[in-house]
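**Q** Start from chain A and add chain B according to the hints.
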Amino acid sequence: MEKRPFNDVSYEQFLNEEKLMGSKCQKCGALFVPPRPICIKCYANEMEWIETKGNGKLVAFTCIAIGPPFMIKEGYDRTHPYVSGVVELEEGARVVARIEGVDGSKPESIKIGIPLRVEFLHRGKANNLTTFLAFKPLDL
Amino acid sequence: MQGRRKLGRGVALVGAGMSKFDVFRDKDSKHLFAEAFKEMLLTVDKGIDPRDIDALYLGNFTNDFFVHQGHWGPIMSDLLGITPKPATRTEGACASSALAFREGVFAIASGFYDVVLVGGVEEMSKRSTEEVTDGLAMAASPYEATAGFTFPGVFGATATAYFVKYGANREHLMNVTIKSHNNARLNPKAQFNVSIRDIMNSRIERAKSKRQTIPAWRDEKEFLRDPKANPVVAWPMYLYDCCPISDGASCVLLVGEEIAKKFTDDPLYVVGIGQGSGKGLHAKEDLTYFEATRHAAQEAYELSGFKPEDVQIAEVHDCFSIAEIIHLEDLGFFKPGEGYKAVEEGLTRLDGPKPINTSGGLKCKGHPVGATGTGQLVEIWKQLRGEAGKRQVPIKDLRIGATHSLGGTGGTCTFTILERR
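Protein chains in written order, with this note's numbering: chain A, 1 to 140; chain B, 1001 to 1421.
Don't read these hints as lab results, they were simulated from the structure. Yeah, the Cβ is synthetic: ideal placement off N, Cα and C, and Gly gets one too. Some hints could be false.
[Stated by the list, open to error] Among chain B residues calculated to face chain A with C-beta under 7 angstroms, some are: (1) A1137; (2) T1150; (3) A1161; (4) L1287.
[Stated by the list, open to error] Computed list of chain B residues with no C-beta within reach of chain A, every gap over 12 angstroms: (5) I1075; (6) L1079; (7) G1346; (8) L1350.
Here chain A stands alone, though its shape is the one from the complex:
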């Protein structure tokens, strides 16, 4: 059984291993993605790691023209907006993520409710590797 602590360090390690993991309360079954160390539904102590299937749908989104430095470095700017969104997973929990495979300069073409599939964006080099959670349309 997976023994890693239920924290953001483990969560990010899992993303790096291309797994979208959450914590599930062994008592009441509540699922938290990203993981919570405490069940805030029933306050039981026993949590376990669960790998989500990576399927979801778009709940809300934005097309960002003025981004932070790390997004500008990726080539996004006022003429090339990127998309960030809230995604509801098949398992019920929600995550915030980059939305890939859609055109940020045509927001009207992006529809709330569209089915999405998880993607893992690996950035940086060996000792300084970061993996960003992303989703893209299922029919792509």
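**A** Frame of chain A; chain B shown alone:
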């Protein structure tokens, strides 16, 4: 009127001042806070000796990383000559001075202090837009930042959820912007004290003088629809949906209720205060309201015994146009899903039944984040005392006003109700 909860001792507001909010290359945090303080002293009708101030609570969010200087409490108490009295800094992102205000109220209500100075300051404009966007994103939840969300981005996503749930659209958001500019036009302290119509006219004049093509906007909405005039920041948030980057300071003077008349015959009484906290974007069950605001409002209404319909005028935290609409609903002024209709019908205009953001709000008055919470109190102070000049609301028997602050992406919200008796 008496609510369910009680303060141990009544608290009154007896003075309020602010600097102009704007972009200042030649003014730093100390300069701006001194300006606010000097104006506040002039508003205390019977005068105040600064040496009688027992404590300072100061709200500030970004100076550590934008100015590379922390520990602002004693810097300001030294500036004002009130050392060795205690000086405490509060941080709640964009609600920082709203938290300072609450601490000040509690300090007096507990009986520990009699006279407390509460204020806030922020110095943001010396950094680039990208640096400020990045710095402010520190107040979002960590997951939001790595997903690329900026503040305009969070409110953009919030707007898409609101649109889908209630059938509103971008045109409705424009009504908020147009109203804010109309109000700010009457506020000399506002960063943008011009109406949208004024901006259109000046652009047309400029085009004429340069012999360029003259823009053919028929009305304000056509100007706001023009991507050249109003570019997208984080769709569906455009430039005119977003508050600006600002520098500024504000402060108010609080005293124990029983000594208020020593300072003025016309104090305002702090009858309701509330604060709430909220989850990150991903953990919210519904993106179309802020649980922290609803909790803050409930606390403040319970303390005051007042209901939403008793509040005659309010300043709410319109960091983005969609935010103002949602706050109107969360504070109980209008039903969920009805806020955008109320704005469209003009109910929140200066001359409407429920004037909102008569100062021009964060959108037009400016949003030096740490100075905003107490800056809102300055506006309500002026309105309730009938000192708001050209933008004085025409409500007869005006006596109850309120302020609402929001920090981060809704992580910290406050609500305050003031009464003139």
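**Q** So, for every hint listed, does it hold in this structure?
**A** Do the hints match the structure? See the list:
1. Annotation: interface hint on A1137(B) holds; nearest CB of chain A at approximately 6 angstroms, less than 7 angstroms.
2. Because the smallest distance between the Cβ of T1150(B) and any Cβ of chain A comes to about 6 angstroms, under 7 angstroms, the interface hint for this residue holds.
3. Because the smallest distance between the Cβ of A1161(B) and any Cβ of chain A comes to about 4 angstroms, under 7 angstroms, the interface hint for this residue holds.
4. About 5 angstroms separates the beta-carbon of L1287(B) from the nearest beta-carbon of chain A, less than 7 angstroms, and the hint is met.
5. At the 12 angstroms boundary, the C-beta of I1075(B) stays outside the reach of chain A, the nearest C-beta of that chain being 29 angstroms off.
6. In this structure L1079(B) is separated from chain A by more than 12 angstroms, as the shortest Cβ-Cβ distance comes to about 33 angstroms.
7. The claim that G1346(B) is not at the interface with chain A holds, since no C-beta of that chain comes within 12 angstroms of its own (minimum 29 angstroms).
8. Listed as outside the interface, L1350(B) is consistent with that label: its C-beta sits roughly 31 angstroms from the nearest C-beta of chain A, beyond the 12 angstroms cut-off.
Checked against the numbered hints above, the structure breaks none of them.
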